[in-house]
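**Student:** Two chains, two frames, some hints: make the complex.
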Amino acid sequence: MKKTSRKTFTLGMVFCINAILLTGCWSYISIEDVNFVAGAAIDAEKEGKIRSTLQYIIPQTGGGGQSMGSTTQQAYINVKETGEALEPIGWETTLKREGSIFGAHEKIVVIGDKLARKTNLEQLVDLYYRDIDIRGSTLVFVSKGKASSTLESKEPNVIPSFRISEIANQQLSTRMIKPTTLIQVLGYMESDSSFVVQRLSSENGDTQLDGAAVFKGKTKKLIGFFTKKEVEGLNLITGDSKSGSIRAKTKQPVYYQIEGLKSKIIPHVKSGQISFQVQVNTDGRIAEDWKTPLNLFENSDLKKVEKDIQQQIEKSISHTLDKMQNDLGVDAGGFGNQLRIQHPRLWESVKKDWDSQFRTVPITTKVEVKISDYGMIGEKKG
Amino acid sequence: MSKQPIDKITTPQTVVIISNFILGIGILTLPRTVTEKVKTPDGWITIILGGIIAILVAFIMVKLAGRFPGKSIFQFSKEITGKWIGAIISLCIILYYMALASFELRAMSETTRLFLLQGTPNWAIILPFIWVGLYLITGGINPIARMFEIIFPVTVLFFLLVMFLGIKVFEVDNLRPVLGMGLGPVMKGLTTTSLSFVGFEIIMIIFMFMKEPNRAMKATFIGLIIPLVFYSITFVMVVGSLTVDGVVTQTWPVLTFIRSFEIQGLLVERFDSLLLVVWIMQLFATFSVCYYAASLGLSQMFKKNINGFIYGLAPLIYIVSMVPKNINEMFEMGSMIGNFTLYFFSSVPVLLLLITLIRGKKS
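Chains as they are written, first to last, in this note's numbering: chain X, 513 to 894; chain D, 5 to 367.
For the record, the hints were derived by calculation from the structure and aren't laboratory data.
Source: prediction; values computed, not measured.
Positions of the beta carbon are idealized from the N, C-alpha and C atoms, including for glycine.
Some clues are possibly wrong.
Stated by the list, open to error - Some chain D residues near chain X, calculated using beta-carbon distances under 8 Å: (1) 247; (2) 260; (3) 319.
Just chain D, same shape as in the assembly (with noise of 0.2 Å):
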């Protein structure tokens, strides 16, 4: 950030923000990967708690992004630990980002790829993304706010629309008994779903532009609970159709869901292809909020415009995504960004606070 002068954006285009970037590939995949894990029908109570721990941790964020208004975490990272820790940490978040916004594209093209567009090479769909992706983030923070409080409402109608029409194949019996087991199985799933939040460190970042810094706490929270009420949807109505053996089966659990009913009588029988196209437009604001934030990230770093960040990143982002040979390689590179965000958003955070707090330093 240079001589520009900083968009501000206001405080529900923030929850938007935080919202649509948590809001991922993840969810396509999340009632396999929880129960994997919990192997009970409690997986709801491990999302549900995994999004407790998500806010508290993202309490610790605000608090302390709240000591350094109008700054991102490049640059008080900076300022805590001094030049080279702060660069370190910089890199690490860019680079994450970076092979964040590389994953989402993977995915986002392997999906489509398999349900909509058959036969058509990976390159082709993943470059356009880039292109249009480009396109919206050198206009800075504020079109892509305004651009989200679009994507969002209409995904949101759409998907809760598709989820409650499966009420036909939706079985309770297959979410009994509620704790059968007890706590045990439920807390064995913890970890995967706090990754599942994984996104509202976003706040670091984007606590600069925000009008009202005060409400940021508000924004985060709402901004994670709006994920938290998605997931807990999802996963309730997917393992009560699927059955808790059945779902683990399942590549993409949601879109096997969503293909086992037709609904006749309504302008359309299946939902899969509306589903996937919306859910489209879900993945490209993650995609295009990493790419920001990465770009972003080293603009401030090298103290440089952030134009030229953008369109140097484009094609990293593109080899990146072609780097994983196959599926499981791709779900592989998934878990390994996950786990990074585990150990590093979990620590960095309270020791840059921990750090401040002893110092006492204030910007």
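If we strip away everything but chain X, and leave its shape as in the complex, we get (with noise of 0.2 Å):
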């Protein structure tokens, strides 16, 4: 009788010692307190000073902006404060708005163009690598003018920064460049060398891919732009992309449709001289042709586009490559990394001031086009 009375006292002890030990919620955070940041926005603001914009979701009406109803509330809000560094901006802003900051779920860091020509990249993002809520798959834009307008947007329900991500992410244009991730940026700023990111412009609260911006390894700093044209040419010569169309040299439109592309950069090293081939294979088809009349049907006009295709590719990568060595004066396409591989040894002296070598290095280029359809109309009568 005593051994029972006991043993329950001991079991009784033990649920009400887990009661408390055990329960779930001995530092919680109620989601109504935390302010989740979609993306981020940094400017250059007077004195030296930068101007950082949060945009916080508004938990209600926020994720997937399929809100029910006519709620006009928009899906964010937009926090803007000015500092030293990103520390004491994040403190700053708490002084303002209730809620602790929470970074976890931040798809895009935008930096404006004027803060990335003076600043340092490496500073000014050493915070986004050290923070340990912020992901290393997060990407990064540069803005054409203002980074902060290109977190707003007309559409009250749609949250900018989770649209600019997704567009990114799918990447369906040769216009546009491969989304770039903080890890990637970090690959390059650690080992020197030149890269693009892909750049933001803002219209009347439209945001759009606009070209892309290039930065000088060396000193992390913003030096000039791609045009969305001359991206496209990028694209050609690193084969970072899935699809894009691409107009003949004909008087009426005739486009041709990107299907498959694939690039190689060749270096080659001939007693010391340096030289590069960029192979190119692409196969598609036509996508619209507004010549008459017209018979694809005939195997010679299908090859004459694809001559015409050919030496367009050819056009536009020379432009981009022009621009990269005679203007910009940097190796933003990979160049020198494919000679790190095929001549490591080589690389190793050269890496210090690639940059002002690839100036003079002689690109050629191999362009091979195929067309292997077009479309549901062969023949046009005149």
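**Tutor:** Dropping the structure here:
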């Protein structure tokens, strides 16, 4: 009798202690008290200060943007603050708005072009790498003009950061570059190689992916831009693209749609002289053809278009190369990387001022275009 | 081991104990520690070479232990070298295991505090770990082995899954060229990688528990091959994603790697917490073996029941684990233990084996 009551007592104690010790709300934070950051923008401010814009998601309508009814409440709010660096800015914002900043869902970082031109990127984004909430998969952008305005949208239900990251990740067109994540940028910066990140431009609340920003590896500062057209050339060099179209050099529009694109940069070294060959292989179809009359059933006509497209690709590439070598003077196409792989010992001796050597390196291109079909129309009478 | 009957473990259990013991906190920093030394993307070759060295040393240990069936190094070192020197050797090994247990604990709590339980004090993570470990090892080697048999497949599966999901950010160009600068740089990292296999010396202790001691060689070999494959995959994936220059900047490169991709369409997008939770089991395995080995050593040295030593060691391990004041001191503690292992376990077993061969001693 005595034994059982003691057992019950022990068991009871265990339950009580468990109830206290094993409950899950030990250090909970309710979700209303957390500000989810969707994206961030950094701009230059007067007196060397920087201004950060944090885009908070407003929980009621946030997520997916498919809120019900005719609510016109914005799905996000942009909180702005200025300071010397990102850390004090973060604390400053907590004086203005309730809730802590939670960066684990940050999708994009936009850096204003003015700031990127004068500040070392490595210093600027240090916090993003150090912070354990922010992930290496966060995408990096540079804005044309104010970075904060790229995080604005006319549609209240759309969270601009999410939209931008979606567009970038889908990477539908050859006119945008492969999405650059923080972790990739880290690799470029640590190896002192020049690199490109996607540029954003904003007009009347419409943000679009508009060309690319080029960073010089040595200084880690922005030195120039590629236009959309030049980005196309860059993508043809690197092969980092899935789809897009190229116009033939005809009076009336004829468009070739890229279905497959493979590029290869081959370094050649002959008695210490470095040269490169860019090999581009692409196949695709004719997507639009305004010419009349035409007969694409005829193979010779098809070959003519092929030849034309091939010349256009060569032109596009050489234009981008010209900009890289003569205008910007940096290797933003990964030529050095291929040299490192194929001729590691030579690379050791040239890597120190590769960008300046790259200016005078001869580069040839070899393009092969294969038009496999032309859709539903083969012949048109004039 | 006084009057208790000696538990026996099967050969697969031996393999699992060795593998589980080797795989610890080291894998989370390995890509950095290797690349720091090698400076080219060839670290994976270094890892394989380091593994081969470890296997060679392990064979010497098995040969040595095989001469004294039913005895651990704590006992046969005394037989070979006499009472005093044997005691010193045993004490060194015991201290080593104690320090290693503390280090694993501390490293575990540092990563957990950083990534999973922010704001939780170190003691609150370390103490439950010690308690659970204590509970496990009071059961002896058999419960430990069975526990490891459960831990092993779970951790292996999740770890490999998460590693291969990172294929999205993996770029083979980052690993090229292979041997671009020749074999020179590869050799520089050899100490680091051989050290990453430390843990196989446990065979000198668990050998006495083996049901089929004649298969110890095979068990050790497989037990080492598994971590070798693990390390190589980890290195290739992490350096292939972060690049050589990027990987050396990261405190926990493997965790950085896992945080640098998101997979849409699966049940979860992010895998860092998942992997850490799973990996804590692996750290627990390493910790409990260390703890057990230290207690066993003490009990065999003083010929007393092991339980007293198990309870006695708990507070000591806790105190030692709290000694490093910051993360740098923690890493320093790790390399101190590593250096000790390098000199101690590469020389002592060889010497012991030589003495036994010369004296022709056999148990």
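**Student:** Now tell me if each hint is right for this structure.
**Tutor:** Each hint tested on the structure:
For residue 247/D, the interface hint holds, since its Cβ comes within 8 Å of a Cβ in chain X; the closest pair sits about 4 Å apart. Given the 8 Å rule on beta carbons, the hint for residue 260/D holds: about 6 Å separates it from the nearest Cβ of chain X. The beta carbon of residue 319/D comes no nearer than 21 Å to any beta carbon in chain X, farther than 8 Å, and the hint placing it at the interface is violated.
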